[in-house]
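**Student:** So the chains spell out like this:
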Amino acid sequence: MTTEGRTVLAEFHPPGPSSFELPPIFTIAGVEFTKPMVLVILSGFIVVGLTYAFARRAAVVPGRMQFAGEYAYNFVRNNIARDNIGSEHYMKYVPYLFALFMFILVNNYYGVIPFIQFPSFARIGFVVALAAITWVVYNTVGIAKHGFVGYLKHETVPGGIKGPILLLLVPLEFFSNILIRPITLTLRLFGNMFAGHLLLILFATGGAYLLLDSGNALYGVVGVLSFVLGIAVSFLELLVMFLQAYVFTLLTAMYIGEAIADEH
Amino acid sequence: MDITQLAAEEAHNPVLPVWSEVILGLIVFGIVLFLVAKLVVPNFEKAYAERTAAIEGGMKEAAQAQEEAKAALEQYNAQLAEARHEAARIREEAREQGAQITAELRTQAQDEAQRIVSAAHQQIEAERAQAVQSLRREVGQLSTELASRIVGESLEDEARQRRTVERFIVDLEGSSNGSAN
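Same order as they appear, the protein sequences are chains A and C. Each residue of the first sequence is one higher than the one before, starting from 1 at the first, in the UniProt record's numbering. Each residue of the second sequence is one higher than the one before, starting from 1 at the first, in the UniProt record's numbering.
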């Protein structure tokens, strides 16, 4: 940005996909560990440590910690698992769903925690891993229940429909229920985290640039506005981070529930 | 940020996963899942089960206590009713006994009165007979004396004297009987 002879103090680089490509912090056995990788490993300790601290006492009359933990656990156990899988089989999937929910929640909230400020699931690789596990789980339990052919029929043939229309419907259902689901799961979570973080960077770095480096007092006013908006978007992000963890877990429970359902 | 580095980084499409991240994600989440399933969920479920048991146990205990209280109340009521019944029975019995005793006493008194009356009758009868006896004798003597005085002769013949007297008395009795009848 140059204006008639006056050199601008610094050039503004708008944030883009490159903002998510962080240099490796250290290397172990040829594997380069970046900030999100370290954060994911840390999230493992946080999730296990936190939930274990919640559940450790297992008292009949819960303390404050246990009550908070039970609130989260109940939410996943009853509202997500039991309501979508059915009260007969849901207990088997509660550990997976609870771990999944807490894991996504912690990794998402990294995005608003000061000094961390990077939602690790803005890196698609981690989300692919979780979506792949969900895909394997719901297909495996479906095949275990109905048999391979029975499961494919269960997932691809809509109930009560006969005749040549099936030629159209079966490939569509197969496509949407078997192939597309892991991709949409991945993209939904990744996209929200990626876009949210991009927005926050934009408001923060943009605001900083306008305020400090643009050399124009009027730009500075807009810079302040940019910071205010950044704060507002942060609160929006708090909601989105929770919702995405909830949606991912909820859809996983729904897919499992559908796979092991007796009839359509 | 230098241009070559920027270009190299921008070559990577953010939608394409980096495989080291996928593998790391699988490993970390696998460990998290294992530990949560082994350590956390069983503890939560244990707490739930214990809480359910405690609540159900408390409720059962309360129900039992209520049952016992009810049974005790019923027992007391039954005992009270029995006692009332017993009291009524005893009262009735006492009344009956009283009536019986009164009746017995009345009979006894009547008998006694009867006995006294009849004894009195007998005595009167005996006294009357005695009086008749002595009167008869005295009347004989008197009439004899009277007769001897009137006649002016001593009726020495005892037998004859007696016969006369007997005849006189029979006549006397006959006339008195006749007048009485």
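What the hints contain is simulated information worked out from the structure, not anything from laboratory work. This structure is a prediction, so every number in the text was calculated from the model and none was measured. Note that CB positions come from ideal geometry on N, CA and C, so glycine has one too. One thing to keep in mind: the hints can contain errors.
Stated by the list, open to error - Label-pair restraints from in silico Cβ distances:
1. A:R188 with C:I27: 39 to 45 Å
2. A:Q117 with C:I23: 50 to 56 Å
3. C:A62 with A:G159: 46 to 52 Å
4. C:A62 with A:Q117: 25 to 31 Å
5. C:K70 with A:V136: 56 to 62 Å
6. A:Y52 with C:Q64: 24 to 30 Å
7. C:I27 with A:I183: 52 to 58 Å
8. A:R188 with C:L39: 27 to 33 Å
9. A:N78 with C:N77: 46 to 52 Å
10. C:K70 with A:N74: 34 to 40 Å
11. C:S20 with A:F67: 28 to 34 Å
12. A:S87 with C:N77: 43 to 49 Å
13. C:A54 with A:L42: 51 to 57 Å
14. C:I23 with A:A195: 23 to 29 Å
As the list claims (entries may be wrong) - Some residues of chain C that are not near chain A, with every Cβ distance over 10 Å (derived):
15. K46
16. R51
17. A63
18. A69
19. L105
20. Q141
**Student:** State for each hint whether it applies.
**Tutor:** Verification of the supplied hints:
About 23 Å separates the C-beta atoms of R188 (chain A) and I27 (chain C), a value inconsistent with the hinted range of 39 to 45 Å. Between Q117 (chain A) and I23 (chain C) the beta carbons are some 25 Å apart, a value that contradicts the proposed interval 50 to 56 Å. With their beta carbons about 49 Å apart, A62 (chain C) and G159 (chain A) fall inside the hinted range of 46 to 52 Å. At about 55 Å, the beta-carbon gap between A62 (chain C) and Q117 (chain A) misses the expected band of 25 to 31 Å.
For the pair K70 (chain C) and V136 (chain A), the supplied restraint of 56 to 62 Å holds, since their beta-carbon distance comes to about 59 Å. At roughly 39 Å, the beta carbons of Y52 (chain A) and Q64 (chain C) sit outside the given window of 24 to 30 Å. Between I27 (chain C) and I183 (chain A) the C-beta distance comes to about 22 Å, which lies outside the given range of 52 to 58 Å. For R188 (chain A) paired with L39 (chain C), a C-beta distance near 30 Å keeps the hint of 27 to 33 Å intact.
Between N78 (chain A) and N77 (chain C) the CB atoms are about 48 Å apart, so this pair conforms to the stated range of 46 to 52 Å. Between K70 (chain C) and N74 (chain A), the C-beta spacing of about 38 Å keeps the proposed range 34 to 40 Å intact. Evaluation of the 28 to 34 Å hint for S20 (chain C) and F67 (chain A) yields a failure: the beta carbon distance comes to about 39 Å. Hint check: S87 (chain A) to N77 (chain C), Cβ distance near 46 Å, so the stated range 43 to 49 Å holds.
At about 38 Å, the CB distance of A54 (chain C) to L42 (chain A) disagrees with the hint of 51 to 57 Å. The hinted range of 23 to 29 Å is satisfied by I23 (chain C) and A195 (chain A), whose Cβ atoms lie roughly 25 Å apart. The claim that K46 (chain C) lies off the interface is violated: its Cβ sits roughly 5 Å from the closest Cβ of chain A, which falls inside the 10 Å cut-off. Residue-level check failed: R51 (chain C) sits 5 Å from the nearest beta carbon of chain A, not beyond 10 Å.
Against the 10 Å criterion, A63 (chain C) stays outside the reach of chain A, whose nearest CB is about 20 Å from its own CB. A cut-off of 10 Å between C-beta atoms confirms that A69 (chain C) is not in contact with chain A; the least separation is 27 Å. With a closest Cβ-Cβ approach of about 80 Å to chain A, L105 (chain C) is found to remain outside the 10 Å limit, as its non-interface label requires. At roughly 133 Å from the closest C-beta of chain A, the C-beta of Q141 (chain C) stays outside 10 Å, upholding its exclusion from the interface.
Hints 1, 2, 4, 6, 7, 11, 13, 15, 16 from the earlier list are contradicted by this structure; the remaining hints agree with it.
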